[in-house]
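S.K.: Sequence:
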Amino acid sequence: MWHYHSLGVYSVRSGYWLSSSSFGNPSCAGLSFESWWKFFWRLDLPSKIKLFMWKACHNWILARCNLMAHGMVLEVTCPICGKSAETSLYAMWRCSSLKVLRNACVFATGDSSLDCATFGEFVRSCSFQMEVTDFERLCVIWWKVWHRRNVAIHNNILLPVLEIYAWVDNFYNDFQGANVRKNAQNLEQGFRSWGGCSRQLWSSVDLPLPECGDSACVGQCEKTGCVGERCFPHFKFSSDGVSIDGPWYMQEPLYMRWKQWDCQSDCRYNCMVERENQREALGDGPVKYHGKWPFKRVYGIQEPASVVFSALNLAMHFHGWLSFFILLYYKLPLKQDKKGYYEFATLWHIYGLFSLNSWFWSAVFHSRDVDLTEKLDYSSAVALLGYSLILAILRSFNVRDEAARVMVSAPLLAFVTTHILYLNFYKLDYGWNMKVCVLMAVAQLLIWGIWAGVTRHPSRLKLWVVVFVGGLAMLLEIYDFPPIYGYLDAHALWHAMTIPLTYIWWSFIRDDAKFQTTNLVKKAK
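In this text, residue positions in the sequence shown follow UniProt numbering: the first is 1, and each later residue adds one.
Hints should not be assumed to be uniformly reliable.
Computed beta-carbon distance windows for the label pairs [what the hints assert, rightly or not]:
| hint | residue 1 | residue 2 | range |
| --- | --- | --- | --- |
| 1 | Glu343 | Pro500 | 25 to 33 angstroms |
| 2 | Leu421 | Phe175 | 48 to 56 angstroms |
| 3 | Phe397 | Val521 | 18 to 26 angstroms |
Think of the hints as simulated: they come from the structure by calculation, not from any bench. Predicted model, so just to flag it, every value in this text is computed and none were measured. Beta carbons: idealized from backbone N, C-alpha and C, even for Gly.
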(Lines of atoms letter the chains of each structure in order from A and count residues from 1; the text may use other names and numbers.)
(Lines give C-alpha, C1' and ligand atoms only; values in the text may rest on other atoms or scores of the structure.)
Protein backbone atom coordinates (compact mmCIF):
# COMPACT_ATOMS: atom_id res chain seq x y z
CA MET A 1 0.00 0.00 0.00
CA TRP A 2 1.52 3.30 -1.12
CA HIS A 3 -0.49 6.34 -0.08
CA TYR A 4 1.27 8.86 -2.34
CA HIS A 5 -0.38 7.38 -5.45
CA SER A 6 -4.12 7.26 -6.11
CA LEU A 7 -3.94 3.58 -7.06
CA GLY A 8 -1.56 2.64 -4.30
CA VAL A 9 1.24 1.93 -6.79
CA TYR A 10 4.88 2.55 -5.86
CA SER A 11 6.38 4.04 -9.02
CA VAL A 12 9.77 5.45 -9.99
CA ARG A 13 8.26 8.90 -9.66
CA SER A 14 7.21 8.04 -6.12
CA GLY A 15 10.75 6.95 -5.36
CA TYR A 16 12.16 10.27 -6.53
CA TRP A 17 9.57 12.06 -4.42
CA LEU A 18 10.54 10.02 -1.38
CA SER A 19 14.27 10.58 -1.86
CA SER A 20 13.76 14.34 -1.80
CA SER A 21 11.55 14.38 1.28
CA SER A 22 11.74 13.37 4.94
CA PHE A 23 9.15 12.16 7.39
CA GLY A 24 7.82 13.60 10.58
CA ASN A 25 9.06 16.45 12.70
CA PRO A 26 12.05 15.99 14.98
CA SER A 27 10.11 16.70 18.14
CA CYS A 28 11.74 13.91 20.11
CA ALA A 29 15.22 14.03 18.62
CA GLY A 30 17.33 16.84 17.24
CA LEU A 31 19.57 14.71 15.04
CA SER A 32 19.16 15.25 11.31
CA PHE A 33 17.21 12.55 9.53
CA GLU A 34 20.04 11.87 7.11
CA SER A 35 22.58 11.31 9.89
CA TRP A 36 20.17 9.20 11.91
CA TRP A 37 19.33 6.94 8.97
CA LYS A 38 23.04 6.49 8.24
CA PHE A 39 23.39 5.26 11.80
CA PHE A 40 20.32 3.03 11.50
CA TRP A 41 21.37 1.26 8.28
CA ARG A 42 24.71 0.39 9.90
CA LEU A 43 22.99 -1.58 12.66
CA ASP A 44 23.89 -5.25 12.81
CA LEU A 45 20.40 -6.57 12.06
CA PRO A 46 18.87 -8.76 9.33
CA SER A 47 17.77 -6.81 6.28
CA LYS A 48 14.13 -7.86 6.69
CA ILE A 49 14.02 -6.24 10.14
CA LYS A 50 15.69 -3.06 8.90
CA LEU A 51 13.21 -2.81 6.03
CA PHE A 52 10.30 -3.41 8.39
CA MET A 53 11.54 -0.67 10.73
CA TRP A 54 12.00 1.64 7.75
CA LYS A 55 8.36 1.12 6.73
CA ALA A 56 7.14 1.43 10.32
CA CYS A 57 9.03 4.69 10.87
CA HIS A 58 7.40 6.10 7.74
CA ASN A 59 3.98 4.89 8.97
CA TRP A 60 3.52 2.51 6.05
CA ILE A 61 2.55 -0.62 7.99
CA LEU A 62 -1.06 -1.81 7.84
CA ALA A 63 -2.29 -0.54 11.17
CA ARG A 64 -6.06 0.00 11.42
CA CYS A 65 -5.81 3.82 11.24
CA ASN A 66 -3.73 3.59 8.06
CA LEU A 67 -6.19 1.15 6.50
CA MET A 68 -9.14 3.37 7.37
CA ALA A 69 -7.43 6.39 5.81
CA HIS A 70 -7.51 4.49 2.51
CA GLY A 71 -11.09 3.32 2.94
CA MET A 72 -10.11 -0.32 3.44
CA VAL A 73 -11.67 -0.81 6.91
CA LEU A 74 -14.39 0.89 8.92
CA GLU A 75 -13.16 -0.02 12.40
CA VAL A 76 -9.98 1.51 13.85
CA THR A 77 -10.06 -0.08 17.30
CA CYS A 78 -7.01 -2.18 18.17
CA PRO A 79 -7.82 -5.82 17.30
CA ILE A 80 -5.76 -7.09 20.25
CA CYS A 81 -6.99 -5.04 23.21
CA GLY A 82 -10.03 -3.29 21.70
CA LYS A 83 -9.46 -0.21 23.85
CA SER A 84 -8.13 2.48 21.52
CA ALA A 85 -7.52 3.39 17.89
CA GLU A 86 -4.71 1.34 16.41
CA THR A 87 -2.00 3.64 15.10
CA SER A 88 1.46 2.33 14.30
CA LEU A 89 2.73 3.60 17.64
CA TYR A 90 -0.18 2.07 19.53
CA ALA A 91 0.15 -1.32 17.83
CA MET A 92 3.91 -1.50 18.41
CA TRP A 93 4.13 -0.07 21.93
CA ARG A 94 1.15 1.58 23.61
CA CYS A 95 -1.28 -1.35 23.36
CA SER A 96 -2.48 -2.39 26.83
CA SER A 97 -1.62 -6.01 26.04
CA LEU A 98 2.04 -4.94 25.90
CA LYS A 99 2.09 -3.51 29.43
CA VAL A 100 4.42 -6.24 30.69
CA LEU A 101 6.75 -5.49 27.78
CA ARG A 102 6.77 -1.76 28.53
CA ASN A 103 7.51 -2.36 32.22
CA ALA A 104 10.40 -4.65 31.37
CA CYS A 105 11.86 -2.09 28.95
CA VAL A 106 11.39 0.97 31.16
CA PHE A 107 13.63 3.90 30.20
CA ALA A 108 15.69 6.06 32.51
CA THR A 109 13.56 9.08 31.49
CA GLY A 110 10.21 7.25 31.68
CA ASP A 111 7.96 6.28 28.79
CA SER A 112 9.15 8.70 26.13
CA SER A 113 6.40 7.52 23.77
CA LEU A 114 4.08 9.92 25.60
CA ASP A 115 6.06 12.83 24.12
CA CYS A 116 6.09 11.50 20.55
CA ALA A 117 3.31 11.75 18.00
CA THR A 118 4.49 9.03 15.63
CA PHE A 119 6.25 5.70 15.85
CA GLY A 120 9.19 7.10 13.86
CA GLU A 121 9.77 9.81 16.46
CA PHE A 122 9.52 7.23 19.23
CA VAL A 123 12.11 5.00 17.56
CA ARG A 124 14.60 7.86 17.32
CA SER A 125 13.89 8.84 20.91
CA CYS A 126 14.59 5.29 22.07
CA SER A 127 17.78 5.10 20.05
CA PHE A 128 19.14 8.17 21.86
CA GLN A 129 18.64 6.54 25.27
CA MET A 130 20.16 3.10 24.77
CA GLU A 131 23.27 1.19 24.02
CA VAL A 132 23.40 0.23 20.34
CA THR A 133 23.07 -3.49 21.08
CA ASP A 134 20.02 -2.81 23.26
CA PHE A 135 18.43 -0.73 20.53
CA GLU A 136 19.05 -3.54 18.05
CA ARG A 137 17.28 -5.98 20.38
CA LEU A 138 14.38 -3.56 20.75
CA CYS A 139 14.04 -3.39 16.95
CA VAL A 140 13.78 -7.18 16.91
CA ILE A 141 11.12 -6.96 19.65
CA TRP A 142 9.07 -4.48 17.60
CA TRP A 143 9.34 -6.75 14.59
CA LYS A 144 8.16 -9.71 16.69
CA VAL A 145 5.34 -7.65 18.26
CA TRP A 146 4.00 -6.86 14.81
CA HIS A 147 4.31 -10.53 13.82
CA ARG A 148 2.44 -11.49 17.02
CA ARG A 149 -0.31 -9.05 16.13
CA ASN A 150 -0.71 -10.46 12.60
CA VAL A 151 -0.76 -14.06 13.84
CA ALA A 152 -3.45 -13.13 16.36
CA ILE A 153 -5.60 -11.54 13.63
CA HIS A 154 -5.22 -14.19 10.93
CA ASN A 155 -4.74 -17.38 12.98
CA ASN A 156 -6.48 -16.47 16.25
CA ILE A 157 -3.32 -17.39 18.18
CA LEU A 158 -2.06 -14.78 20.64
CA LEU A 159 1.54 -15.38 21.71
CA PRO A 160 2.15 -14.51 25.41
CA VAL A 161 4.18 -11.34 25.74
CA LEU A 162 6.78 -12.93 28.00
CA GLU A 163 7.62 -15.50 25.32
CA ILE A 164 8.78 -12.67 23.09
CA TYR A 165 11.87 -12.18 25.28
CA ALA A 166 13.04 -15.76 24.95
CA TRP A 167 12.41 -15.75 21.23
CA VAL A 168 14.22 -12.44 20.71
CA ASP A 169 17.26 -13.58 22.72
CA ASN A 170 17.55 -16.79 20.70
CA PHE A 171 17.02 -15.01 17.39
CA TYR A 172 19.46 -12.21 18.15
CA ASN A 173 22.17 -14.50 19.55
CA ASP A 174 21.85 -16.92 16.64
CA PHE A 175 22.19 -14.03 14.21
CA GLN A 176 25.24 -12.63 15.95
CA GLY A 177 26.87 -16.04 16.28
CA ALA A 178 29.97 -16.70 18.33
CA ASN A 179 32.01 -13.86 16.82
CA VAL A 180 32.47 -10.64 18.74
CA ARG A 181 31.49 -7.72 16.56
CA LYS A 182 34.53 -5.57 16.04
CA ASN A 183 32.55 -2.45 15.15
CA ALA A 184 30.11 -2.53 18.05
CA GLN A 185 32.00 0.07 20.08
CA ASN A 186 32.48 2.29 17.03
CA LEU A 187 28.75 2.37 16.35
CA GLU A 188 27.92 2.78 20.00
CA GLN A 189 30.29 5.65 20.64
CA GLY A 190 29.54 7.31 17.31
CA PHE A 191 25.90 7.16 18.26
CA ARG A 192 26.63 8.68 21.67
CA SER A 193 28.41 11.58 20.03
CA TRP A 194 25.13 12.34 18.24
CA GLY A 195 23.45 12.81 21.59
CA GLY A 196 22.67 9.34 22.94
CA CYS A 197 22.19 8.88 26.68
CA SER A 198 24.08 5.70 27.54
CA ARG A 199 21.98 3.42 29.71
CA GLN A 200 21.99 -0.32 30.26
CA LEU A 201 18.54 -1.64 29.37
CA TRP A 202 19.10 -5.36 29.48
CA SER A 203 21.35 -5.54 32.50
CA SER A 204 19.93 -5.71 36.01
CA VAL A 205 22.78 -3.53 37.25
CA ASP A 206 22.67 0.20 36.48
CA LEU A 207 25.96 1.84 35.55
CA PRO A 208 26.89 4.70 37.92
CA LEU A 209 26.83 7.40 35.24
CA PRO A 210 24.78 10.21 36.77
CA GLU A 211 25.68 12.67 34.02
CA CYS A 212 23.61 10.61 31.52
CA GLY A 213 26.12 10.68 28.66
CA ASP A 214 26.68 13.29 26.01
CA SER A 215 23.16 14.54 25.32
CA ALA A 216 22.45 16.08 28.73
CA CYS A 217 26.11 17.00 29.20
CA VAL A 218 26.36 18.89 25.89
CA GLY A 219 23.04 20.64 26.46
CA GLN A 220 24.04 21.80 29.93
CA CYS A 221 27.49 22.81 28.73
CA GLU A 222 26.05 24.99 25.95
CA LYS A 223 23.85 26.78 28.48
CA THR A 224 26.28 27.19 31.39
CA GLY A 225 29.74 26.77 29.85
CA CYS A 226 30.52 24.13 32.47
CA VAL A 227 31.05 20.37 32.36
CA GLY A 228 30.67 18.88 35.81
CA GLU A 229 32.63 21.12 38.15
CA ARG A 230 34.85 22.57 35.42
CA CYS A 231 33.97 25.76 33.56
CA PHE A 232 35.66 27.00 30.40
CA PRO A 233 36.25 30.61 29.32
CA HIS A 234 35.88 29.65 25.65
CA PHE A 235 32.09 29.60 25.98
CA LYS A 236 32.03 33.30 26.91
CA PHE A 237 32.88 34.28 23.33
CA SER A 238 30.66 34.53 20.26
CA SER A 239 31.43 32.85 16.94
CA ASP A 240 33.57 35.81 15.83
CA GLY A 241 35.72 35.67 18.98
CA VAL A 242 34.20 38.72 20.73
CA SER A 243 33.51 38.52 24.46
CA ILE A 244 29.80 38.16 25.25
CA ASP A 245 29.60 39.53 28.79
CA GLY A 246 33.18 40.59 29.47
CA PRO A 247 35.26 43.70 28.67
CA TRP A 248 35.34 44.84 25.05
CA TYR A 249 39.07 44.25 24.78
CA MET A 250 38.77 40.56 25.71
CA GLN A 251 39.43 38.35 22.69
CA GLU A 252 39.23 34.61 22.26
CA PRO A 253 42.65 32.94 21.72
CA LEU A 254 43.62 33.03 18.07
CA TYR A 255 44.35 29.30 17.90
CA MET A 256 40.78 28.54 19.06
CA ARG A 257 39.26 30.78 16.38
CA TRP A 258 41.62 29.43 13.74
CA LYS A 259 40.60 25.88 14.57
CA GLN A 260 36.90 26.76 14.37
CA TRP A 261 36.14 25.33 17.81
CA ASP A 262 32.65 26.69 18.33
CA CYS A 263 30.56 26.21 21.45
CA GLN A 264 28.93 22.94 20.39
CA SER A 265 32.09 21.20 19.18
CA ASP A 266 34.02 22.33 22.24
CA CYS A 267 31.22 21.09 24.51
CA ARG A 268 31.29 17.70 22.81
CA TYR A 269 35.03 17.47 23.34
CA ASN A 270 34.89 18.39 27.02
CA CYS A 271 31.94 16.07 27.62
CA MET A 272 33.97 13.29 26.01
CA VAL A 273 36.86 14.06 28.37
CA GLU A 274 34.48 14.00 31.33
CA ARG A 275 33.04 10.72 30.10
CA GLU A 276 36.48 9.16 29.81
CA ASN A 277 37.37 10.35 33.32
CA GLN A 278 34.26 8.58 34.61
CA ARG A 279 35.18 5.40 32.75
CA GLU A 280 38.73 5.55 34.09
CA ALA A 281 37.37 5.91 37.64
CA LEU A 282 35.31 2.75 37.05
CA GLY A 283 38.39 0.90 35.79
CA ASP A 284 37.23 0.86 32.16
CA GLY A 285 39.51 1.53 29.22
CA PRO A 286 39.06 4.14 26.47
CA VAL A 287 36.42 3.62 23.82
CA LYS A 288 35.92 5.19 20.41
CA TYR A 289 33.62 8.16 19.90
CA HIS A 290 32.11 8.39 16.42
CA GLY A 291 34.66 5.81 15.29
CA LYS A 292 37.66 7.70 16.67
CA TRP A 293 39.75 7.37 19.82
CA PRO A 294 39.59 10.13 22.45
CA PHE A 295 42.69 12.33 22.21
CA LYS A 296 43.94 15.13 24.42
CA ARG A 297 44.03 18.43 22.58
CA VAL A 298 47.07 20.71 22.54
CA TYR A 299 46.31 24.35 21.63
CA GLY A 300 43.18 23.22 19.82
CA ILE A 301 44.99 20.48 17.86
CA GLN A 302 43.05 17.23 18.10
CA GLU A 303 45.83 14.70 17.47
CA PRO A 304 49.11 16.50 18.21
CA ALA A 305 51.39 13.49 17.72
CA SER A 306 49.94 12.65 14.31
CA VAL A 307 50.16 16.31 13.27
CA VAL A 308 53.85 16.51 14.24
CA PHE A 309 54.73 13.26 12.46
CA SER A 310 52.72 14.26 9.37
CA ALA A 311 54.57 17.58 9.25
CA LEU A 312 57.91 15.75 9.56
CA ASN A 313 56.92 13.42 6.73
CA LEU A 314 55.99 16.47 4.66
CA ALA A 315 59.39 18.03 5.37
CA MET A 316 61.19 14.76 4.60
CA HIS A 317 59.42 14.39 1.26
CA PHE A 318 60.20 17.98 0.36
CA HIS A 319 63.87 17.42 1.22
CA GLY A 320 63.95 14.20 -0.81
CA TRP A 321 62.21 15.73 -3.81
CA LEU A 322 64.45 18.83 -3.73
CA SER A 323 67.63 16.76 -3.48
CA PHE A 324 66.39 14.61 -6.38
CA PHE A 325 65.78 17.75 -8.45
CA ILE A 326 69.26 19.13 -7.66
CA LEU A 327 70.85 15.78 -8.51
CA LEU A 328 69.17 15.56 -11.90
CA TYR A 329 69.81 19.06 -13.17
CA TYR A 330 72.97 20.15 -11.37
CA LYS A 331 75.06 17.05 -10.68
CA LEU A 332 74.30 14.44 -13.33
CA PRO A 333 75.24 14.96 -17.00
CA LEU A 334 72.58 16.46 -19.27
CA LYS A 335 71.73 16.02 -22.92
CA GLN A 336 72.37 18.76 -25.45
CA ASP A 337 68.79 20.00 -25.01
CA LYS A 338 69.48 20.43 -21.27
CA LYS A 339 67.27 17.48 -20.37
CA GLY A 340 68.38 14.66 -18.14
CA TYR A 341 69.05 11.11 -19.26
CA TYR A 342 66.85 9.58 -16.56
CA GLU A 343 63.61 8.64 -18.34
CA PHE A 344 61.48 8.37 -15.19
CA ALA A 345 62.32 11.81 -13.82
CA THR A 346 58.93 13.36 -14.66
CA LEU A 347 57.09 10.47 -13.01
CA TRP A 348 59.08 10.94 -9.80
CA HIS A 349 58.47 14.70 -9.83
CA ILE A 350 54.73 14.04 -10.01
CA TYR A 351 55.11 11.51 -7.22
CA GLY A 352 56.79 14.16 -5.08
CA LEU A 353 53.89 16.55 -5.60
CA PHE A 354 51.36 13.84 -4.71
CA SER A 355 53.33 13.06 -1.55
CA LEU A 356 53.54 16.69 -0.46
CA ASN A 357 49.81 17.12 -1.04
CA SER A 358 48.92 13.96 0.87
CA TRP A 359 51.00 14.71 3.96
CA PHE A 360 49.84 18.32 4.02
CA TRP A 361 46.20 17.27 4.22
CA SER A 362 47.10 14.57 6.71
CA ALA A 363 48.50 17.22 9.04
CA VAL A 364 45.43 19.43 8.52
CA PHE A 365 43.00 16.56 9.10
CA HIS A 366 44.66 15.39 12.31
CA SER A 367 44.79 18.98 13.46
CA ARG A 368 41.02 19.51 13.08
CA ASP A 369 38.73 16.67 12.07
CA VAL A 370 35.78 18.01 10.09
CA ASP A 371 33.97 16.56 7.10
CA LEU A 372 35.96 18.58 4.53
CA THR A 373 39.42 17.85 5.96
CA GLU A 374 38.54 14.17 6.35
CA LYS A 375 37.55 13.81 2.70
CA LEU A 376 40.61 15.74 1.52
CA ASP A 377 42.90 13.55 3.62
CA TYR A 378 41.34 10.29 2.44
CA SER A 379 41.21 11.40 -1.19
CA SER A 380 44.84 12.55 -1.16
CA ALA A 381 46.01 9.29 0.41
CA VAL A 382 44.12 7.19 -2.15
CA ALA A 383 45.47 9.31 -5.01
CA LEU A 384 49.03 8.90 -3.72
CA LEU A 385 48.69 5.12 -3.32
CA GLY A 386 47.11 4.76 -6.75
CA TYR A 387 49.82 6.79 -8.46
CA SER A 388 52.55 4.97 -6.51
CA LEU A 389 51.20 1.65 -7.80
CA ILE A 390 51.23 2.95 -11.37
CA LEU A 391 54.79 4.20 -10.90
CA ALA A 392 55.89 0.86 -9.46
CA ILE A 393 54.53 -0.98 -12.50
CA LEU A 394 56.05 1.43 -15.02
CA ARG A 395 59.50 1.43 -13.39
CA SER A 396 59.74 -2.27 -12.60
CA PHE A 397 58.74 -3.26 -16.14
CA ASN A 398 60.85 -0.43 -17.58
CA VAL A 399 57.97 1.00 -19.61
CA ARG A 400 59.44 3.90 -21.58
CA ASP A 401 57.05 4.37 -24.50
CA GLU A 402 54.42 7.03 -23.82
CA ALA A 403 51.60 5.08 -25.47
CA ALA A 404 52.41 1.99 -23.42
CA ARG A 405 52.47 4.08 -20.25
CA VAL A 406 49.01 5.42 -21.02
CA MET A 407 47.67 1.91 -21.66
CA VAL A 408 49.03 0.68 -18.34
CA SER A 409 47.94 3.71 -16.35
CA ALA A 410 44.44 4.21 -17.74
CA PRO A 411 42.66 1.31 -15.95
CA LEU A 412 44.26 2.13 -12.60
CA LEU A 413 43.55 5.84 -12.99
CA ALA A 414 39.91 5.04 -13.76
CA PHE A 415 39.63 2.81 -10.69
CA VAL A 416 41.28 5.30 -8.34
CA THR A 417 39.19 8.19 -9.68
CA THR A 418 35.99 6.18 -9.28
CA HIS A 419 36.94 5.21 -5.74
CA ILE A 420 37.64 8.82 -4.78
CA LEU A 421 34.30 9.94 -6.23
CA TYR A 422 32.60 7.12 -4.33
CA LEU A 423 34.12 8.25 -1.04
CA ASN A 424 33.30 11.91 -1.56
CA PHE A 425 29.86 11.85 -3.14
CA TYR A 426 28.27 8.51 -2.26
CA LYS A 427 29.51 6.97 0.96
CA LEU A 428 32.66 7.41 3.02
CA ASP A 429 33.01 3.69 3.70
CA TYR A 430 35.97 3.30 6.04
CA GLY A 431 36.11 -0.49 5.81
CA TRP A 432 36.03 -0.59 2.02
CA ASN A 433 38.56 2.23 1.76
CA MET A 434 40.92 0.38 4.10
CA LYS A 435 40.72 -2.74 1.91
CA VAL A 436 41.43 -0.75 -1.25
CA CYS A 437 44.38 1.09 0.28
CA VAL A 438 45.91 -2.05 1.80
CA LEU A 439 45.53 -3.89 -1.51
CA MET A 440 47.29 -1.13 -3.47
CA ALA A 441 50.03 -0.79 -0.83
CA VAL A 442 50.72 -4.53 -0.66
CA ALA A 443 50.74 -4.80 -4.46
CA GLN A 444 53.39 -2.12 -4.92
CA LEU A 445 55.52 -3.43 -2.06
CA LEU A 446 55.54 -6.89 -3.66
CA ILE A 447 56.34 -5.42 -7.08
CA TRP A 448 59.28 -3.40 -5.76
CA GLY A 449 60.62 -6.25 -3.61
CA ILE A 450 60.50 -8.85 -6.39
CA TRP A 451 61.88 -6.42 -8.98
CA ALA A 452 64.85 -5.55 -6.76
CA GLY A 453 65.74 -9.22 -6.39
CA VAL A 454 65.27 -10.14 -10.05
CA THR A 455 67.22 -7.19 -11.49
CA ARG A 456 69.83 -7.18 -8.71
CA HIS A 457 69.64 -3.41 -8.53
CA PRO A 458 72.72 -1.83 -6.86
CA SER A 459 70.48 -0.21 -4.21
CA ARG A 460 68.24 -3.22 -3.67
CA LEU A 461 69.10 -3.35 0.05
CA LYS A 462 67.58 0.10 0.56
CA LEU A 463 64.51 -0.98 -1.36
CA TRP A 464 64.16 -4.18 0.67
CA VAL A 465 64.39 -2.19 3.91
CA VAL A 466 61.57 0.06 2.73
CA VAL A 467 59.48 -2.94 1.64
CA PHE A 468 60.01 -4.96 4.82
CA VAL A 469 59.68 -2.15 7.36
CA GLY A 470 56.84 -0.60 5.36
CA GLY A 471 54.99 -3.90 5.51
CA LEU A 472 55.44 -4.03 9.28
CA ALA A 473 54.28 -0.42 9.59
CA MET A 474 51.08 -1.30 7.74
CA LEU A 475 50.17 -3.63 10.60
CA LEU A 476 49.78 -0.56 12.82
CA GLU A 477 47.03 0.65 10.48
CA ILE A 478 45.26 -2.70 10.68
CA TYR A 479 45.72 -3.52 14.38
CA ASP A 480 44.55 -0.38 16.13
CA PHE A 481 44.93 0.42 19.84
CA PRO A 482 43.93 3.33 22.12
CA PRO A 483 46.22 6.38 22.35
CA ILE A 484 48.96 6.11 24.96
CA TYR A 485 48.46 8.87 27.56
CA GLY A 486 45.85 10.31 25.18
CA TYR A 487 48.43 11.30 22.53
CA LEU A 488 50.17 8.41 20.77
CA ASP A 489 47.99 5.85 18.99
CA ALA A 490 48.75 3.23 16.33
CA HIS A 491 48.12 5.65 13.48
CA ALA A 492 50.56 8.18 14.94
CA LEU A 493 53.22 5.46 15.31
CA TRP A 494 52.69 4.53 11.67
CA HIS A 495 53.34 8.14 10.71
CA ALA A 496 56.47 8.09 12.87
CA MET A 497 57.82 4.93 11.21
CA THR A 498 57.41 6.39 7.73
CA ILE A 499 59.74 9.32 8.48
CA PRO A 500 63.04 7.37 8.26
CA LEU A 501 61.58 5.20 5.50
CA THR A 502 60.93 8.34 3.45
CA TYR A 503 64.60 9.32 3.69
CA ILE A 504 65.72 5.84 2.59
CA TRP A 505 63.11 5.80 -0.17
CA TRP A 506 64.28 9.06 -1.75
CA SER A 507 67.86 7.87 -1.36
CA PHE A 508 66.94 4.83 -3.47
CA ILE A 509 65.28 7.08 -6.07
CA ARG A 510 68.46 9.17 -6.36
CA ASP A 511 70.56 6.01 -6.63
CA ASP A 512 68.27 4.69 -9.36
CA ALA A 513 68.65 7.96 -11.27
CA LYS A 514 72.46 7.73 -10.99
CA PHE A 515 72.46 4.07 -12.05
CA GLN A 516 70.23 4.63 -15.07
CA THR A 517 72.01 7.82 -16.13
CA THR A 518 75.43 6.15 -15.95
CA ASN A 519 74.27 3.27 -18.15
CA LEU A 520 72.61 5.57 -20.69
CA VAL A 521 75.68 7.84 -20.89
CA LYS A 522 77.89 4.81 -21.56
CA LYS A 523 75.55 3.66 -24.33
CA ALA A 524 75.49 7.16 -25.84
CA LYS A 525 79.28 7.13 -26.14
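S.K.: Each hint needs a verdict: does it hold in this structure or not?
M.R.: Here is how each hint holds up against the structure:
1. Glu343 <-> Pro500: 25 to 33 angstroms: 29 angstroms, holds
2. Leu421 <-> Phe175: 48 to 56 angstroms: Violated, since Leu421 and Phe175 (Cβ atoms, about 34 angstroms apart) do not stay within the stated range.
3. Phe397 <-> Val521: 18 to 26 angstroms: 23 angstroms, holds
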